[in-house]
Structure formats: structure tokens, C-alpha cells
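Using numbering that gives the first Met the number 0, you'd call the opening residue of the sequence shown number 0 and step up by one each time.
Some hints here could point you the wrong way.
Below, computed lysine to any residue pairings styled on SDA-like, alpha-carbon distance capped at 20 angstroms [what the hints assert, rightly or not]:
id, residue 1, residue 2
1, 445, 372
2, 86, 411
3, 269, 8
4, 445, 429
5, 442, 147
6, 445, 81
7, 442, 55
8, 445, 61
9, 269, 435
10, 442, 379
11, 86, 376
12, 445, 377
13, 86, 147
14, 442, 50
15, 50, 101
16, 442, 372
17, 86, 432
18, 445, 373
19, 442, 191
20, 442, 363
21, 445, 146
22, 86, 369
23, 442, 432
24, 86, 375
25, 269, 202
Bear in mind the hints are in silico, worked out from the structure with no lab data behind them.
The model shown is predicted, which means the values in this text are computed figures rather than measured ones.
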Amino acid sequence: MSFIVWVAVLGGVLLALALTSSYLRWMPVTTSAVCLLLGIGIGPSGFGLLKLSLEDASLWMGHLTEVAVLFSLFVCGLKLRLPLRDKRWRIAFGLAGPVMLLTIAGVCLLLHWGLQLPWGPSLLIGAILAPTDPVLAALVQVNDSRDVDSVRFGLSGEAGLNDGIAFPFVLLGLLLLGGSGHSGEWPDWVLRSLLWAVPAGLLSGYWMGRGIGRVTLLLRIHNDDSTLSPNDYLALALIALAYVLAEAIGGYGFLAVFAAGLGLRQEEVKSTGISEPPAEHLVQPVVGHLNIEPEKAVHGDTGQLAESQVAAGIMMGDMLSFGGLVERAMEVFLVTLLGMVLIAHWDWRALWVGGVLFCVIRPLCVALMPWGLLLDRRQRSLIGWFGIRGIGSLFYLFYALNHGLSDSLAALCTNLTLSVVALSILLHGVSTQPILARYEQHKNQKN
């Protein structure tokens, strides 16, 4: 009976979002904020339709949040079409590297001196809360492959990179706790978790994405089936294989999956030419295009495009559509679950922890970076505010819970993380659309 209730409630949430989407798009609120409130309403603190014990569900919740992040990271990589030598990549690298490290340090100091926590728990929670989220930050990421706005591009690259780069510091926090199931000394952590795992994940995923992309395009052009191949299978295969390969060689699977999407996109750039308009904007697959003749499977102006451009455009369009669908479904489900358990795990200390993180630590870390002419003052302020926390932090929370935390520390990590993530969903959810609208208006007037 509980399974029937779960399915009924999930269907009701999806139906409510579908029926109200035309109204929500004009309101200063995101889908995530609505799902959070719906979760509170159907949980024990509301109508009591569903109950969830995180202690019993931590294992499968860890896997579920991991899958959600993997899909989102892959889609994030696919969106970034600028070549790696473009100067705007410096924004993404700066945010995912120095800014995130400074954020971890800032939150760690805040928890140690403000809440009187030992260094181990302070570092662990700081690493859990530091990465921005690729799942919930869709509104502030690049809209499409033609979008090269510095703010959107930097935030997209940051979200793709820092979920993996935060991993060694989560491991370090667990190591400092002692008795957490992680053994080793500092040199082992530096060599294995930092110096090896980060580049191994990035390089293995990137070259797998490029290699599979090249082979796929050549086969489809040679066999004249550029519109008939199931690209959702390709997306699933690349996500799975990049993740497995990276983990097998001791790299970070998150970084590998993001890099695989990026490598695939870079191969598409090479096949179409960087000066050409993105092919997925010129050719679009019609409904049922896998079951009809190739010449009837697309609409748009294909007369000026080479076969490689048509194949790349169809492949990118299908994979972005499929990945985006899975990403949105996971977002709805997981944020609703967060709402269900939020009241039971709410910690009022998250108000000032989150407030300092969102309004002081993040903006200050962004301001300290020597961006030069890459970002003006308004853009720096926007990036400083849009440090959205979400599903990535939930994954790291469940990862820590599944590695032997004491009951008191598990409760502290759970309560603070869930409360800060919920606070981020609400604050950023209400402010994102109005702030972006003013930014776009200012940019249009400037141009």
C-alpha cells in the first residue's frame, strides 16, 4: 500500500507542476522552491501522506543523488561549446578552484569558531556545503550552445567541475574524524585523493568523450544513419563508461562524466567548425525520427550543412533533451523528498550559517579573485550571489553518513546540510528570475 501512495503522491506532484507551469514561469519562484513546499505539505509536518527515515534510506538516497548529479554533470558538459583556450574558461576554473577552496576554509572557520565544533566536523561540513549545484542551477547556466555570456558560462563550468573537486576534502574531513572507515596518512591523501584522482577523472572522461564522439560521427556518416540512431543510448553508455573507467583507475567519476560531456561537445565543435552556427539550432529531429527515412527525419534549413553537421546537430539535440528530462525528473523527486524530511531535521543555526555563506563568504571569495576585464562589477556581484547549494551537497552528506559517522555527528551534519540546502533553494529560488531579468535588461541596454 505504501508503494501505491508513493506513486500517487509523485504523480500528483508532477501533475500540479504541469498544470501550473504556465503561471510559475511568470512568478519569481523556481520549480525547486515549489517542490520543497509541496514536500513539506505531504510530509509528516503537513498532511502526513508520506514518511521517510533518512537513517534507513541513506544508502539508496546516496545512490539516487549520485545518479541525479551524474546526469546533470553530463548535460552541463554538453552545454559548454567554447574551446578550452577561450579566456572565459578562466572564470570557471577560478570558481571551481580557488573560490571553492576559500569557501571550504571560510565555512570551516565559521563552524569551528562560531559553533565550537572540532576541526574534523567543521572541515567535513564545509566540504559538503562548498560546491555549487549543477541540478538546481539550470536557470543561471548557459541557455544553449550559442549562449557565451560570461556569468552563465562561468557558473556552468563551476557547477560541472566543483562537485568532483570537493570530493578530496570530504575524504579529508572523514580522515580527520578518525574511526570513520577511512585510513591513511596525509601523503597518501595528497597523492591519491588530490594529485592523482582529480586529473585522472578529468583526462579519462574527456578523451573518452572525444573518442566515442569521433567514432560515432564517422559511423553515422559512413552508414548514412545520422538521424536514425538512438542517441539516448549513447548518453547512457558514455555516462556509465566514463564513470566506471575513472573509478577503476582511482579517479573521480563526477569529474569524468562532466569531462565526457565536454569532450563530446568539443568533438562536435571540431566536426562542424567553431565559426559555424551550432547545428542543433538549424536542424531539429521531428517526432518519431528514429522510425522514418533520414531525408524526412529533420526539419529546418539543412541545404547549407554538411552531413557531419547534420549528424552532430541531431546527436547533440537528442542527448541534451534526454539528459534534461532525466535531470528535471530527479530534481522534482529529490527536492520533494527534502521537503518531506525538512521540518524534522530543521536546525535554526542554519539561518546564520547559510546567511554568512551566501552573503559574506561566497561574495567575498569571488571578489578576491583577480578577474581583470573578464567580469565587470555587476557580473562579479551576480556570480557572488548565485552560489546555489543542492543535490550535490545531499550526495556528499549521504556519502558521509554511509561511512561510519557517530550518531551525534550524523545528526549534526544531516540537520545543518538539509537546512542550508533548503534555505538556498528558497532564497535563490525567489531571487533568481528577478535578478536575471534585470541583468539581461541592463545587458541589452548596454549593447
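Now for the hints, and whether the structure bears them out:
1. 445 with 372: holds, 16 angstroms
2. 86 with 411: With Cα atoms ~41 angstroms apart, residue 86 and residue 411 exceed 20 angstroms; violated.
3. 269 with 8: violated, 46 angstroms
4. 445 with 429: Roughly 26 angstroms separates the two Cα atoms, so the pair is violated.
5. 442 with 147: holds, 13 angstroms
6. 445 with 81: Given pair residue 445, residue 81 is violated - Cα atoms ~23 angstroms apart, limit 20 angstroms.
7. 442 with 55: Roughly 49 angstroms between the alpha carbons, so the hint for residue 442 and residue 55 is violated.
8. 445 with 61: It is violated: about 45 angstroms lies between the C-alpha atoms, which goes past 20 angstroms.
9. 269 with 435: Violated. Residue 269 to residue 435 sits at ~32 angstroms, over the 20 angstroms cutoff.
10. 442 with 379: holds, 14 angstroms
11. 86 with 376: holds, 18 angstroms
12. 445 with 377: With Cα atoms ~12 angstroms apart, residue 445 and residue 377 stay inside 20 angstroms; holds.
13. 86 with 147: holds, 11 angstroms
14. 442 with 50: violated, 47 angstroms
15. 50 with 101: Cα-Cα ~38 angstroms, so violated.
16. 442 with 372: holds, 16 angstroms
17. 86 with 432: Roughly 27 angstroms between the alpha carbons, so the hint for residue 86 and residue 432 is violated.
18. 445 with 373: Between residue 445 and residue 373 the Cα gap is close to 16 angstroms, so the pair holds against 20 angstroms.
19. 442 with 191: With Cα atoms ~45 angstroms apart, residue 442 and residue 191 exceed 20 angstroms; violated.
20. 442 with 363: With a Cα-Cα distance of about 24 angstroms, the restraint between residue 442 and residue 363 is violated, given a limit of 20 angstroms.
21. 445 with 146: Holds, at roughly 17 angstroms.
22. 86 with 369: Holds, at roughly 13 angstroms.
23. 442 with 432: This hinted pair holds, its Cα atoms lying about 15 angstroms apart.
24. 86 with 375: holds, 15 angstroms
25. 269 with 202: Holds, at roughly 18 angstroms.
In terms of the numbered hints stated before, the structure departs from hints 2, 3, 4, 6, 7, 8, 9, 14, 15, 17, 19 and 20, listed from lowest to highest.
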